[in-house]
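Sequences are here, hints too, so could you generate the full structure?
Each chain, written out:
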Amino acid sequence: MKDEKENSDRRNFLKFGLLAGGATLAGIGIQKNLSGEAPESGEKVKVLTADGKLVEVDSSHLQHHPAEAKMANLQAREGIEGKKFVMVIDLARCANARKCIEGCQKMHHKAPPVEWIKVKRMQDAEATAPYWMPQPCFHCDNPPCTKVCPVDATYKRKDGIVLIDNERCIGCRFCMAACPYNARSFNWGDKWGEAKDSTQTEDCCEYSPEKSFPAKTGTVEKCDFCPDMARQGKLPDCVTACPNGTIYYGDANDDTVSNGEEVLRLSEMLQKKGGYRYLEDLGTEPRVYYLPAVKRQFPFEEDLEKHNTEES
Amino acid sequence: MFDYCMSKLKIPALIFVLLLPLAKVLAQDEKEAVITLSFTQTDTTKTCMATVTSDTSTVKEKEVHFYVQRMFGLLPIGKAEETDENGMVSVDFPMDLPGDKNGNIIVIAKIEDDDTYGNVETKKEIKWGIIHAGEKDRWDERSLSASREKAPLYLLLVSNLIIVVIWGTIFYVIYQIFRIKKVSNLIKVK
Amino acid sequence: MSESEIILDEKRKARREQMREDVLRPLHKTTLPTKIWIAALVIICLIGVYAYTLQLRHGLKVTAMRDYASWGLYISNFVFFVAISLVGALISSILRLTNFGWYRPLTRIAEIIAVAAIMFAGIIIVVDMGRPERMFNLFFHGRIQSPIIWDVIVVTTYLVTSVLLLYVAMIPGIAICRNRLTERPKWQRKMYRILSLGWNGTEEQWKIMKRCMAILCVLIIPLAVSIHTVTAWLFATTLRPGWDSTNFGPYFVAGAFQAGTGCVIIAMFVFRKAHKLDKYITEVHFNNMGKLLVFLSVVYAYFNLNEYLIPAYKMRTAEAGLLNDLFTGSMAPVYWSVQIFGMAIPAVVLLFKKGRKPLPLTIIAVFVVVGAWFKRYLIVTPIMLHPYLPIQNVPANWAVYFPSWIEIAIVAGSLSGVLLIITIFSRLFPMISIWETLEGEGIDLEKMDKIKT
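Top line first, the protein sequences correspond to chains A, B and C. When the first sequence is numbered by this note's numbering, its final residue is 312 and no position is left out of the sequence of numbers. When the second sequence is numbered by this note's numbering, its final residue is 190 and no position is left out of the sequence of numbers. When the third sequence is numbered by this note's numbering, its final residue is 453 and no position is left out of the sequence of numbers.
Derived from the structure by calculation, the hints contain no laboratory data.
DSS-like, lysine-lysine: derived pairs with alpha carbons at most 25 angstroms apart: (1) C/Lys61 / A/Lys191; (2) A/Lys158 / B/Lys136; (3) C/Lys210 / B/Lys182; (4) A/Lys84 / B/Lys150; (5) A/Lys273 / A/Lys120; (6) A/Lys272 / B/Lys79; (7) B/Lys123 / A/Lys234; (8) A/Lys306 / C/Lys61; (9) C/Lys190 / B/Lys182; (10) A/Lys84 / A/Lys234; (11) A/Lys196 / C/Lys61; (12) B/Lys110 / A/Lys234; (13) A/Lys84 / B/Lys136; (14) B/Lys46 / B/Lys123; (15) A/Lys158 / B/Lys150.
Residues from chain B that face chain C, not an exhaustive set, calculated with beta carbons under 7 angstroms: (16) Leu144; (17) Val173; (18) Ile180.
Just a sample of chain C residues kept apart from chain A, beta carbon distances all over 10 angstroms, derived: (19) Ala274; (20) Asn304; (21) Leu309; (22) Phe327; (23) Phe425.
C-beta: ideal position from N, C-alpha, C; glycine also.
Printed below as a string of structure tokens:
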């Protein structure tokens, strides 16, 4: 009789113990859920809020990838508030690695010979040294291209970026004739300059002028300063792809530019290192500054390879 | 046998279950340090001071880096300096650094990769930035390179005037041509 | 009426009757050579249309244009068409207002050339678009700041005004066709009936018609000058070396008058032979047109001198490559042929009376027109191949331009289209404006008709 009672007591105690332990753990779990926290993936993503503030959020909190977010046309024409994007290219660092070109092509699903940023071999005079000059679209403040567009398809935004609305462009190519820097390319036909591994079609995903993707046949394209990347707080691909940190990108309102590693004050860079703009006296007021090729990091080497010899 | 084991284990097990969370909290390899930021301003200077403390005692001879939060990274301010005996270090802040549209900037002080304390960071917002908003944006003005709604007034005026005058004349001529027909109908009736 | 007046009146009536018969005779029947000519033009047009369908299907990559030479044959052809369309205003209007009476038999020819050319200018510019189906964006989203919008507005206005000028002057002629061409098919006679607006030569109708003519003649002169000035500004408003010239507006307009005059001379020669109009388009007319062509060629030579000699004197870096290419480089054969055959030879040979006889003059006019076509090409594409930044790392065909067969076919189709419109017009309507010619001889049909009624 006593044994039986001891057994049942023990059993009861065990049951109670397990129940209590289980309840405690369950309670902790329920409390966490009630506080509204989703299980965090731990990955942080920088997102630009509507009023221009940069915040970090867990990537699980995002509804969908910002790059595919539907961009209202009006928003694409207004620009990112409070920013004035600017680029500085340090010619003392460019060694013709052409990684900026590759990065840009990969980002926009383009293949050679289509290049939205070009690297040119320049030599100002016979007696002066040659140098390599990366040349994207300059997103001029007095743009000759937006002046001549008959249908308002290419436009200048308040954040300094000049974009093209490929759904309005009629393909007259007046902007290409007007650009003195030949910054613009044309989509000459179906799948023109399209990367071989690309699965894009004209309607594969939502088109946005900020993505410049998917490409539309018979319209003009060019370097767009990657505003979709800026909305995620990321630098354009040409900036991060360069192994020498040649290209700096940033916000003139912030007076700061970065090449992915260094973060510098724009005004200091331009004044201390003799910044200038290419063909300044044309009056186009480019937003890309160059730092002259003095105190070069590498000696100049001619390019022995021939690039873009064939049409894709 | 089983009963015997269980009876012996149940109390430690219970203790273990209940004390598990508490144990987690207490387990820590590194020491913790905290940086507090303070700002002083005169007419000609702005100074930012950081005080490093660890468990109410000051930490000295640690290098503190000062940054301002920017869109694509952290802009370094001044040179990184070590804390003095009181765990304090200060840096001169540039007078002309721009802020956001309200003039706010976020100052960050960091200790990076320290042997004892690892990475320590603190942020504070202060209204030390120069405000650029409120300046007239040239892209609100009418110009030749603006969109169609912002065409220069002189251009709109002259072009519309010319179009109206010339097409008005053309419509007048077309109307006259129809009058030829009308006149001929009248003659037929006659 | 006195007896002398009656005799004079009879003479005038006889002259009018003779003229009506002569001018209308070709319209009674279409000869075999004309039929073959029309068939050939239609075939070339259809090849052009087929080439365009290929371009629509595959995109503009079927042309030889690429990122550097992004404007090619279509644009230079467009400029050429706009150029020759100015001649309508020149002959019908400018000469009329300056009281050069001899031009009068030529007004119809000049006007139909102008209308046909400006129509195809509009067509060829749509051919050049990458997205022609979005053409109406020009109207829904047009920017008044853009020179292309100015061009669209002015070309449309000029087309409408030219058609009106052609039509209004032709109303009496259509009435005669309605009265006399009674053996023609029913649709044709109906067309005459509708288009003649019941013209009977009454006093009021003449008054209205002459008032319209006066207004249109004044209106069309600034329009004609505008279309080619605005077309010149498509190039001059850019910053490219070679186009960045203050000379372009007057340079283009001067060249346009010269090229258009050449076209009219060729058409004069052809219609004179084909329609047997020797009595009305006489050697005097050729002589005078020759003098006009000399004058215009000299003026054009003056503008060419300004355009090429002055930059060559300075040899600015940006322009040096282009100028060397034109003077001694790859474009030299074309450049010098154009300057010599299209401008220098006309300016010299036509100073002599023998040069102004019908056949030599027509040959020279052919030089002028062909030279004008190639000159427009020299203005458009070579400049694009000499930009500020060096052309590097591109496929070989991106650094040069020679048109593909599709471009050539489409351009040839457009040229035959213009000729086709002129030919078909000449089969349906009188090629000489009877009332205007008689007015020049002192026979005022308005007064005659008044006497009649």
